[in-house]
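Colleague: Sequence:
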Amino acid sequence: MSRGFFITFEGPDGSGKSTQAHFLAQNLQEEGYSVLLTREPGGTALGEAVRGILLGKDLQMSNETEALLYAAARAQHVEEKIKPALEQGKIVICDRFVDSSLAYQGYGLGLPLEELKKINSFAARGLRPNLTFLLDLEPERGLARARIERGQMDRIEERALEFHSKVRHGFLDLAKQERERFCVLQIADMSKEETAAFIWNQTLNLL
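Residue numbers (the numbering used here): 3 to 209.
Please note that a few of the clues may not be correct.
As the list claims (entries may be wrong) - Below are the DSS-like pairs computed for lysine-lysine, each with C-alpha atoms no more than 30 Å apart in a straight line:
1) K120 / K194
2) K178 / K59
3) K119 / K168
4) K178 / K119
5) K194 / K92
6) K178 / K168
7) K85 / K119
8) K168 / K92
9) K59 / K92
10) K178 / K120
11) K194 / K83
To be verified - Label-pair restraints from in silico Cβ distances:
12) E195 / R143: 14 to 24 Å
13) R5 / E164: 37 to 47 Å
14) Q90 / D60: 21 to 31 Å
15) L163 / G58: 35 to 45 Å
16) R152 / E116: 30 to 40 Å
17) F124 / Q179: 27 to 37 Å
18) R183 / F124: 35 to 45 Å
19) D60 / G153: 11 to 21 Å
Hints listed in this document are in silico derivations from the structure and should not be mistaken for laboratory results. Please read all numbers here as calculations on a predicted model, not as lab measurements. Glycine residues also receive a C-beta, built at the ideal position from the N, C-alpha and C atoms.
Construct the entire structure; sequences and hints are all you get.
Modeller: Listed below in structure tokens is the structure:
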């Protein structure tokens, strides 16, 4: 479906995904690559509106509603931004994608994984990343980082530690199932610079 290269960043809250995605996009652009840096939920006007609903604390929703809202935002994102960029030969770097839905709504909330896979395959039109960087960190440390950096927690981050532990386990389980796609970084004892250098080298090797 694409001529470009699709890279995603995954991991628990506070693992530094957004920072590392930005670093990688900047490095690639400096090397002359055409890059689209985007995020989920978000990336489009509709996606950003859905993001506000999902992460805000004003509305209550069922677990199923949450999963479907993420998928709906993803469908628009793929159609409007990701697919066209890949067809133009760009490198697309996305902060979260389908793996986050499986980890958070599947492993974390206990929704059926096979159903989530079907829903998100439909939403993403079968699109899968070429490379996924999983930044692994204990949830206690990640949530503490997020609280320090932003001063407040969103609706998902405020969930119990048990939920976040299940999410972390989910990510690691998904990585074991697709070792050829995932690159797992244990970042607890790595600086931002060390992490960025490792990601840069791994990306260049594949490109």
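Colleague: If a hint holds in the structure, say so; if it doesn't, say that too.
Modeller: Against the structure, the hints:
no. : hint                    : result
1   : K120 / K194             : violated, 35 Å
2   : K178 / K59              : violated, 34 Å
3   : K119 / K168             : holds, 18 Å
4   : K178 / K119             : holds, 17 Å
5   : K194 / K92              : holds, 25 Å
6   : K178 / K168             : holds, 15 Å
7   : K85 / K119              : holds, 19 Å
8   : K168 / K92              : violated, 34 Å
9   : K59 / K92               : violated, 36 Å
10  : K178 / K120             : holds, 20 Å
11  : K194 / K83              : holds, 28 Å
12  : E195 / R143: 14 to 24 Å : holds, 18 Å
13  : R5 / E164: 37 to 47 Å   : holds, 43 Å
14  : Q90 / D60: 21 to 31 Å   : violated, 38 Å
15  : L163 / G58: 35 to 45 Å  : violated, 22 Å
16  : R152 / E116: 30 to 40 Å : holds, 34 Å
17  : F124 / Q179: 27 to 37 Å : violated, 20 Å
18  : R183 / F124: 35 to 45 Å : violated, 20 Å
19  : D60 / G153: 11 to 21 Å  : holds, 19 Å
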